[in-house]
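Undergrad: The residues making up each chain are set out below.
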Amino acid sequence: MNKFNNIKSIPAHIPLINVDTDMIIPKQFLKTIKRTGLGKSLFYEMRYDENGKVVKDFILNNEPYSKSKILLAGKNFGCGSSREHAPWALLDFGIRCVISASYADIFYNNCFNNGILPIKLDEKAIEELSDYCKRKEEIEIQLENQQILYGNKSIKFDLDSAKKKRLLEGLNDIDMSLKKTTAITEYENKIKKNKPWISRNDKS
Amino acid sequence: MPKTLYDKIWEDHVVDQQPDGTCLLYVDRHLVHEVTSPQAFEGLRMHKRTVRCPELTLAVPDHNVPTTDRSKGIVDTESKIQVDTLRNNCKEFNIQLFDVNDKRQGIVHIIGPEQGFTQPGTVIVCGDSHTATHGAFGSLAFGIGTSEVEHVLATQTLIQKKSKNLRINVNGKLPLGVTAKDVILKIIGTIGTAGGTGYVIEFAGDVITYLSVENRMTICNMTIEAGARAGLIAPDEKTFEYFKNRPMAPKGDDWNKALAYWKTLFSDKGCKFDKEINIVGKDIEPLVTWGTSPQDVSPISGTVPDPEKETNKEKKNAMYRSLEYMGLKPNMKISDIKVDTIFIGSCTNGRIEDLRVAANLLKGKKIAKDVTAMVVPGSGLVKDQAEKEGLDKIFKEAGFQWREPGCSMCLAMNDDKLKSKERCASTSNRNFEGRQGRGGRTHLVSPGMAVAAAIHGYLSDVRKIN
Numbered sequence: 004m005n006k007f008n009n010i011k012s013i014p015a016h017i018p019l020i021n022v023d024t025d026m027i028i029p030k031q032f033l034k035t036i037k038r039t040g041l042g043k044s045l046f047y048e049m050r051y052d053e054n055g056k057v058v059k060d061f062i063l064n065n066e067p068y069s070k071s072k073i074l075l076a077g078k079n080f081g082c083g084s085s086r087e088h089a090p091w092a093l094l095d096f097g098i099r100c101v102i103s104a105s106y107a108d109i110f111y112n113n114c115f116n117n118g119i120l121p122i123k124l125d126e127k128a129i130e131e132l133s134d135y136c137k138r139k140e141e142i143e144i145q146l147e148n149q150q151i152l153y154g155n156k157s158i159k160f161d162l163d164s165a166k167k168k169r170l171l172e173g174l175n176d177i178d179m180s181l182k183k184t185t186a187i188t189e190y191e192n193k194i195k196k197n198k199p200w201i202s203r204n205d206k207s
Numbered sequence: 108m109p110k111t112l113y114d115k116i117w118e119d120h121v122v123d124q125q126p127d128g129t130c131l132l133y134v135d136r137h138l139v140h141e142v143t144s145p146q147a148f149e150g151l152r153m154h155k156r157t158v159r160c161p162e163l164t165l166a167v168p169d170h171n172v173p174t175t176d177r178s179k180g181i182v183d184t185e186s187k188i189q190v191d192t193l194r195n196n197c198k199e200f201n202i203q204l205f206d207v208n209d210k211r212q213g214i215v216h217i218i219g220p221e222q223g224f225t226q227p228g229t230v231i232v233c234g235d236s237h238t239a240t241h242g243a244f245g246s247l248a249f250g251i252g253t254s255e256v257e258h259v260l261a262t263q264t265l266i267q268k269k270s271k272n273l274r275i276n277v278n279g280k281l282p283l284g285v286t287a288k289d290v291i292l293k294i295i296g297t298i299g300t301a302g303g304t305g306y307v308i309e310f311a312g313d314v315i316t317y318l319s320v321e322n323r324m325t326i327c328n329m330t331i332e333a334g335a336r337a338g339l340i341a342p343d344e345k346t347f348e349y350f351k352n353r354p355m356a357p358k359g360d361d362w363n364k365a366l367a368y369w370k371t372l373f374s375d376k377g378c379k380f381d382k383e384i385n386i387v388g389k390d391i392e393p394l395v396t397w398g399t400s401p402q403d404v405s406p407i408s409g410t411v412p413d414p415e416k417e418t419n420k421e422k423k424n425a426m427y428r429s430l431e432y433m434g435l436k437p438n439m440k441i442s443d444i445k446v447d448t449i450f451i452g453s454c455t456n457g458r459i460e461d462l463r464v465a466a467n468l469l470k471g472k473k474i475a476k477d478v479t480a481m482v483v484p485g486s487g488l489v490k491d492q493a494e495k496e497g498l499d500k501i502f503k504e505a506g507f508q509w510r511e512p513g514c515s516m517c518l519a520m521n522d523d524k525l526k527s528k529e530r531c532a533s534t535s536n537r538n539f540e541g542r543q544g545r546g547g548r549t550h551l552v553s554p555g556m557a558v559a560a561a562i563h564g565y566l567s568d569v570r571k572i573n
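Keeping their order, the protein sequence lines are chains L and R.
Residue 4 is where the first sequence starts when you use this note's numbering, and the numbers rise one by one after that.
Residue 108 is where the second sequence starts when you use this note's numbering, and the numbers rise one by one after that.
Calculated directly from the structure, the hints in this document are not laboratory data.
Beta carbons: idealized from backbone N, C-alpha and C, even for Gly.
Any given hint could be a false lead.
[Claimed, not checked] Below, a list of computed lysine to aspartate or glutamate pairs in the EDC-like style, where the Cα atoms sit at most 20 angstroms apart:
(1) R/Lys155 to R/Asp119
(2) L/Lys198 to R/Asp119
(3) L/Lys193 to R/Asp361
(4) R/Lys422 to L/Glu66
(5) L/Lys34 to R/Asp491
(6) R/Lys268 to R/Asp491
[As the list claims (entries may be wrong)] Examples of chain L residues lying across from chain R (beta carbon under 8 angstroms, computed):
(7) Pro29
(8) Phe160
(9) Leu162
(10) Ser180
(11) Lys182
[To be verified] Covered, in the sense of this in silico footprint (three residues per stretch, anywhere, with C-beta under 8 angstroms from a C-beta of chain R), are these stretches of chain L:
(12) 13-26
(13) 60-73
(14) 102-113
(15) 134-141
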C-alpha cells in the first residue's frame, strides 16, 4: 500500500447525504476480478446518462474537479454494501481523502486498507469547508499534524493512532498479523480443548 | 461484572489486544461468494500465502447466477468468469464449495444456517454486509471488505476495535398482518440509516422472543440498513432446536458441549448498554418504503410525505431527490401507487417460512393484469421443500414465475433487473437509486405485502386480502 503523504487539491463537493456504495459504484462493475480500472465508473449513474453520455453538470465531469484528490460529502457517506469496489473506484479516480460528518462503518474501514484517509468533522466545520469550496482553491491535508489548511485557516481532525500509523507508513495488515502467528496458534489450541466443535469435527 | 451478549462473544474471541484497544479477533466461520473474493485470493497468490484454516471457510456463488434454466451455464461472460474464478480458487486453496448445480447452492446467508455452518457464539464474517443475518442465532456476524477477506483467509483473524452496545427492545405483541419485516423497517424508520453506526445492536423483548428463528433472521439481516454492522439475538430453545441434526452442526458429545456453551449466551441481568431504545409492538403497522433510503418508511394506510414540511435543508433536498427518482407526488396515498413488478426472495425474505406466508395468502388468487411477479427461493433446499409442499404450484397458478435460487433482483447483478421507471414491490433490503436496475423504483415490503400488491396491482394492505 502506498504511504499517505500530505495532499494539496481543490476539493470536489457532493452535497448529498446518505451516499450509498451502489451510488459510488453500481453493481455491473462488481463483476471485475481486479482492483483497478474502476475510476471511470465512479458515481456512474450520476456521471453518465442512460445512453452512456457524459452528464455535463455533474461536478466530477468538470475541471478542476475531474482531478480532485479530495471529496467533500454529506453525512453517512458510504452506507450500504461492504463492496471494497467503492474505495477502489475512488482511489482509481484519484481521490485520496474524503471529508464528511460521518461514514458507514464498513466503508470507513475499507478506506484505510486502500490508503484513503476518511476525515470526520463536525457539521459546522463541514459547512465552513463547503463554503470555502466555492472558491475553487486548493486546500491541504496534513496527516501527521491531523489538520486541514484552507486559506489562512486550519481545522484539526481526530484519528485513531493505529489507523494513522498504517496510512503514514503504508503498512500491510496481513504482514503485521502474521507476526502474531504464535498467539493465533495458542488460541486455536485453547479452543480445540474448550470448544472442540469449532474445528469442524463434522467433516471427519 | 455483568456482561452483554456482545461483550461475552467478543471477549471469547480476542487473540491479542493492543494498549489502544485494537484487537486481533478470531474468526470461527468464514463465508465466501464470487463477487468480493477474487481479489482476496489473488492477493494470497501474489504474496505466496496460504489459507490458514480452509475447513472454516465455505464458498458459494449466489450474486451472479442465473435464476432461469441453468443447463446451458452462465451466458454473461463476466459473470461466468467470476463464478469460474471462485471454483478455481476453491480448488487451489482446498475450500468447500457448493457449486451452481449443487442442491445446497443458494444465497450465502441462507445456506450458512441451513447447513449448521452458522452456530451460536461464533464470530462469522463474509465479504457481504448482510452477514448481519447470522446474528439471529446469537453469533457475532458482520460484513467485511475484500482486503479483510484476504486477511481472514491468511490468518483466520481480523483486526477490530470493539463497538458500543445498543439494545433495541420490541415490546408487547404484533398486530395481525404485521411481520418481522415491518418490525425492522419500523426500527430503521425510527433510528435512521446511521442510527446504529458504531454499535452492535442486540434485539430483545417479547416480540423478538416470540418470533421464529427464520423471522429473527429477517430482523438481523437489515441491521446494516440501520447502520450497525452486526445485530444479535440471544439464542434460546428455538435456536437449539433449529440446529439439531443440521449437516454441519456439532454431533454426539460435541453437541452436548456446544449446547452447554450456547446456554451461557445471553446478556446478564444488570449489564450496561451504551444506549437502549424501546419500540411498542402493537403500534407497528404493515409498512412500505416510499423513497430511496430504507429509513423512508410509511404505513400502508399513510401518504407520501411532503418535503415542504421538513425543516432540515439537507433532508428536504434528499426528499425532493427521492420523490423525483421514485416518480411520486407529495401527499399522495401510498395505496394509490401502481406497481409493475413483484419480487419475493433475497437473504431478507427468501426462506421457506416467507414462501409459506406468501403462498398461503395467494392460494386460489391471480396476480393483477400487467404485473410481472417472481419468486426466487433462497436456496436449492428451500426450493425443494417448497415444491414438496406444493407452494410452487400455488405461485405458478397465480401467475408468478418460479425461479432457481440466488440473490437475483435484490441487487440485479444477473439478468433479473428492473427497467428504468419500472416500479417494484420487493421483499429485499435496499431501495437505493439503481439498486434493482438503473432507474428502477423499489418499494420494500414484507412477503405478505408483496402478495397484496401482486393481487391488486397497487401497493396494498395485506390485512385486506380476503
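Undergrad: Now tell me if each hint is right for this structure.
TA: Taking the hints in turn, this is what the structure says about them:
Taking the CA atoms of R/Lys155 and R/Asp119, the gap is about 31 angstroms. The hint is violated against a cut of 20 angstroms. Simply put, L/Lys198 and R/Asp119 have alpha-carbon atoms about 11 angstroms apart, close enough for the 20 angstroms limit, and the pair holds. Between L/Lys193 and R/Asp361 the alpha-carbon distance is near 15 angstroms, which keeps this suggested pair within the 20 angstroms criterion. About 29 angstroms separates the Cα atoms of R/Lys422 and L/Glu66, which puts this hinted pair outside 20 angstroms; it is violated.
With a CA separation close to 29 angstroms, the supplied pair L/Lys34 and R/Asp491 exceeds the 20 angstroms bound. Simply put, R/Lys268 and R/Asp491 have alpha-carbon atoms about 42 angstroms apart, too far for the 20 angstroms limit, and the pair is violated. Taking 8 angstroms as the C-beta contact cut-off toward chain R, the hint placing L/Pro29 at the interface holds, the least distance being around 6 angstroms. Evaluation of the L/Phe160 hint against chain R yields a violated restraint, the C-beta minimum of about 17 angstroms exceeding 8 angstroms.
Look at L/Leu162: its Cβ only gets to about 12 angstroms from chain R, farther than 8 angstroms, so that hint breaks. Residue-level restraint check for L/Ser180 holds (minimum Cβ-Cβ distance to chain R is 5 angstroms; threshold 8 angstroms). With its C-beta approaching chain R no nearer than about 10 angstroms, L/Lys182 sits outside the 8 angstroms limit, and its interface hint is violated. Remark: the region 13-26 of chain L is confirmed as covered by chain R, as 7 of its residues place a Cβ nearer than 8 angstroms to a Cβ of that chain, reaching the required three.
With a threshold of 8 angstroms between beta carbons, the proposed coverage of the region 60-73 of chain L by chain R is violated, since 0 of its residues qualify and at least three are required. Three residues within the 8 angstroms Cβ limit are the bar, and the region 102-113 of chain L against chain R gives 7, so the coverage statement holds. Given as covered by chain R, the region 134-141 of chain L fails the check, having 0 residues with a CB less than 8 angstroms from a CB of that chain where 3 are the minimum.
Violation of the numbered hints given earlier is confined to hints 1, 4, 5, 6, 8, 9, 11, 13, 15; the remaining hints are satisfied by the structure.
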